[in-house]
Amino acid sequence: MLTVTSLRKAVPGGRVLFQDLNLTVRNGQFVAITGESGVGKSTLLNLLAGLDRADAGSVVIDGTALELLQDDELTRLRRDRIGFVFQAFHVLPHLDLAHNVALPLVLQKVDAHEALARATGMLEAIGLGGRGADYPRQLSGGELQRIAIARALIHRPGLILADEPTGNLDPETAAKVMALFVDQVREAGASVVLVTHSPASAAVADRVLHLTRDGLVEHG
Amino acid sequence: MGERGSLPLVAMRWMIVSEWRTYPSRIAIAVLAIALGVALGFAVHLINGSALSEFDHAIQTVSGDADLQVHATSAAGFSEALYPQMAHVSGIAKVSPVVELHAQAQGHAALTILGLDVLSAAVVTPRLLGRRSDGQHDPSDFFSDSAIFLSAAAMQASGRRVGQSIDITSMGHSASFRIIGDLPGIPAGQAIGVMDIAAAQWRFGQLGKLQRLDFRLAPDADRAQLSSALASRLPLGAEIVTRHNEETRSDSLSRAYRVNLDMLALMALLTGGFLVYSAQSLSVARRRPQFALIRVLGLERRSLVAQIFLEALVVGAVGALGGLLLGLGLAAAALHLLGSDLGGGYFSGGVPHLSFAPGAAIAFGALGVAASLVGGLLPARDAARSQPALALKNLGDAIDPRVHPRIRLALLLVVLGAAGSLAPAVNGLPIFGYASMALLLAGGIAMMPWLARTLLWIFLRRPISNVSLSLAIQRLWGAPSQAALALSGIVASTSLMIAMAVMVVSFRGSVEAWLYQVLPADLYLALDDSGVGGGFDAVTQNNMRHVEGVAWMGFMKETPLRLAPDKPDVWLIARTVDGPAGGLPLLSPGLAVPPNDIPVWVSEPAAGIYGIHPGDHLVLPIAGVTPRVFVAGIWRDYGRQQGSIVIDSDTYTRLTGDARRSIASVALKKGALADAVIARLRAVLPAGVADHLSVSRSQEIRSKGIAAFDRSFAITYLLEAIPILVGLIGVAATVSAQTLARIKEFGMLRHIGVLRLQIVAMLIAEGALLGAIGGIAGIGLGLAMSQILIRVVNPQSFHWTMDTRIPWLLFIIVIVALIVAAGGTALFAGRRALSTAAVTAVREDW
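Top to bottom, those sequences are chains F and W. Mapping the first sequence onto numbering that gives the first Met the number 0, position 40 (from 1) lands on 39, and the numbers just tick up by one. Mapping the second sequence onto numbering that gives the first Met the number 0, position 525 (from 1) lands on 524, and the numbers just tick up by one.
I should point out that these hints are in silico values taken from the structure, not numbers from a laboratory. Owing to the predicted nature of the structure, the values given are computational and were not obtained by experimental measurement. One should not assume that every hint holds.
Pair by pair, the computed Cβ-Cβ distance ranges are [to be verified]:
id : chain 1 : residue 1 : chain 2 : residue 2 : range
1  : F       : Val-10    : W       : Leu-754   : 35 to 45 Å
2  : F       : Leu-68    : W       : Leu-8     : 53 to 63 Å
3  : F       : Arg-7     : W       : Leu-376   : 35 to 45 Å
4  : W       : Gly-358   : F       : Glu-123   : 52 to 62 Å
5  : W       : Val-16    : F       : Asp-54    : 49 to 59 Å
6  : W       : Leu-724   : F       : Asp-54    : 35 to 45 Å
7  : W       : Ser-469   : F       : Asp-70    : 20 to 30 Å
8  : F       : Val-216   : W       : Ile-457   : 52 to 62 Å
Just so you have them, the derived chain F footprint on chain W, three or more residues with Cβ under 8 Å [as the list claims (entries may be wrong)]:
id : region
9  : 18-30
10 : 280-294
11 : 772-781
Note that CB positions come from ideal geometry on N, CA and C, so glycine has one too.
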């Protein structure tokens, strides 16, 4: 479970992005956060992942308060409990697809053979079976994002943080990728915080929240 | 949660291996840079070690196995009356008297003649005794005044065999001997002849004289106590010599030269280190978003540092291993082609045997690995410090033109370097001088971002209408640290090359000018045998002076003189110091000589080695006399690195009774034909002497001198060329990597309407500007470092000075070469980068 309490964040120039922000995401819940550009959606996601520090407030994941953790502890928390999907796919160009997907597992010191076997299974699940030896440059944008989704889920994290995962895709491909994403996270039972501009993407969520300077406002 | 503090090694291996598989050439260049640096250092060390070991071996061979020795301080020897006095000193079991002479056999083969008392030598130095092998068995032949044993090398050099006769000349005397056997105890390569001591004294004019006493000590004798007891009984002109003294002497003769070569090799290693730094920095900069991703996915900060360090470690280890193997091969090839002194002229004799030095291999290998690790340290720290969230979006480390490059650290390093140059030598070596050069180099490279921006500011003061040039200047100005990164390797190697080139050109020019000063006569006549008692006698000198066509004639003799047991012999030069060709190239006006004082003129190296100053008084141990002399001046002498002392010819004759001279300098009368005068001079020489005469025109000697100079610096040219080559490869790799990393930028430019040709022109302009900045920085830094070589390293190592000369043409060539190399590489890399479709480039994930 993710609990955010009285979060405040200002940018270096002094402009306050948000303050007194509160949020609770239950296990298995899919939450979408929308908002205008520059309102601080990505910054919020970075705070939830422990990649940035809040000026005030608390982020607690499964009982662990992020603000109390050192850098290495935050890193290990991300490694074990969080999966990421980015707008830019950020797939490592030098690694083949199987190795890209298996990366979070080997970071957890899972045996390399087992990690690659699980990655191969994951590739089957996202419709890219048999292409584990291909390299990222051989894939289309939609396929790359599927790889990113597979990588985010392979180590069975409790929380998925997704930042505009379909922002770089055409509507048709975006819909397919989003459907795959939802299927996969539902199957894994993971909680999701999705940041998006897209109403279509937000529509698949259990809850849609709108980010403003005063915090999150329930939508619909 | 994962185990605390553990490193995900598999992930690290995946990242490293995939990176290397994708960019093998970048890794290869870094490995090559380290390998070349290690190879040069190791090879020079092996060659030096082999040469010294050979030299020490030769000394041991000639010394036999004596426990202790007394040596004459000059070739004139000491009185043989010393022998019975020494024989009765308590603690000495046996004394073997020795006549030791430098000689020439027929065919101009040089050899050392040892005259031994066979019965004593059998106890003290049995290794020096000959083996009868001519089929005769008359033991009295051992004591025959015409019998000689020759070592294999002496027989080979003279072309004679056992049973044949051989003519030998030494100390102005020639005699014929029959070779009655060989010397099995003398190793290959050592040209030695052994004969009865009485025969040697008689046949070579050494009656009543010895050059050496070899001692076998009693088993319970205290060597140190005995040495001091013997020393107190020795007359001037004789000194105690231990093997340690001899080794120190041979070591000091060439130590500075060897240390300088070692330092040059280490500089090459340093250049390799900068290239590794440059390669690592670029690699880290390019992969920053990727590192950010794996940080987000769960790689700890220190694991990331460990990964980059591991990469550097592997590069360093592979480079070091390759370098050691390459160094072994280089050393073997150099010994074979250039000899053990690499053309320096310090060692002669047999071809040294190359032996592997495990300690040195470990040391140079470790230096190679250390250079690579240091090169990886800063980039690793930078990568670990960056914020993953920002780096993922390429924001955190984006170029910020508002940031001014810092110069404080660079200035501090330069000031420290300048201060280091003022420090004195340590144990005769310019350690602080080299440290000062390293600090200047580091300071100069740290100053590069500031320098690049300052130089480019000149262009930015007014608008530039050419789009390509404007974009190129704006980018370099806005990202001076990237420019500096591309240039660090080439600035390091260029500055080292320029420093060495300025030093060598200055040295060469000074030597050339010196050769004109010391060779003012038209002709120089030399006799092969230059020992005491050899040369033109007084009557012959007078006859030669009166030969038709001779305007002026000076005579000279050089004999070795030992001023300290652990230092190389200086040359005592007895020569005509007045007359039209008698002047010396004094460094400052000569002092007025006090009445009744004997003036001498000390060479710059002798003054440096022994701390002699003008106006000092010295006692010279010449042939049993010990004149107190006055130092009337210091003169420039590049010909005798171990030092020399000039004394007036007549004074020398008066002090020693030796009027013979081995070299004559001749100024011709106007209109006199040189060949005719030479023929007339030969005609006035006594029978047999003319056969040993060699005649040279001053121009020939100057040419030979310059050729010898060039030969001795041949290895330094090689040591300079290799870092330059590595540097150029480095700049090519760096420019290429930076260009390829900007594919997205090029795609954007083409989207907004910039022509492909304009982008190529922009890249060429960037490359050319980088080359020009690198050239200017390298030359400026090199000039500063050259002054440390000229004013600190050379005087402290070799005790000689020189006047700075600037190789302007070389400077122009270097700048043009760098501009062409960097511009050409940018063109090549740019064409490759632009072959990617504009749309694809913009959509590139990274």
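So, going through the hints one by one against the coordinates:
no., hint, result
1, F:Val-10 with W:Leu-754: 35 to 45 Å, "holds, 39 Å"
2, F:Leu-68 with W:Leu-8: 53 to 63 Å, "violated, 24 Å"
3, F:Arg-7 with W:Leu-376: 35 to 45 Å, "holds, 38 Å"
4, W:Gly-358 with F:Glu-123: 52 to 62 Å, "holds, 58 Å"
5, W:Val-16 with F:Asp-54: 49 to 59 Å, "violated, 42 Å"
6, W:Leu-724 with F:Asp-54: 35 to 45 Å, "violated, 55 Å"
7, W:Ser-469 with F:Asp-70: 20 to 30 Å, "violated, 43 Å"
8, F:Val-216 with W:Ile-457: 52 to 62 Å, "holds, 56 Å"
9, 18-30, "holds (count 3)"
10, 280-294, "holds (count 5)"
11, 772-781, "violated (count 0)"
The structure fails to meet hints 2, 5, 6, 7, 11 from the earlier list, while all remaining hints are met.
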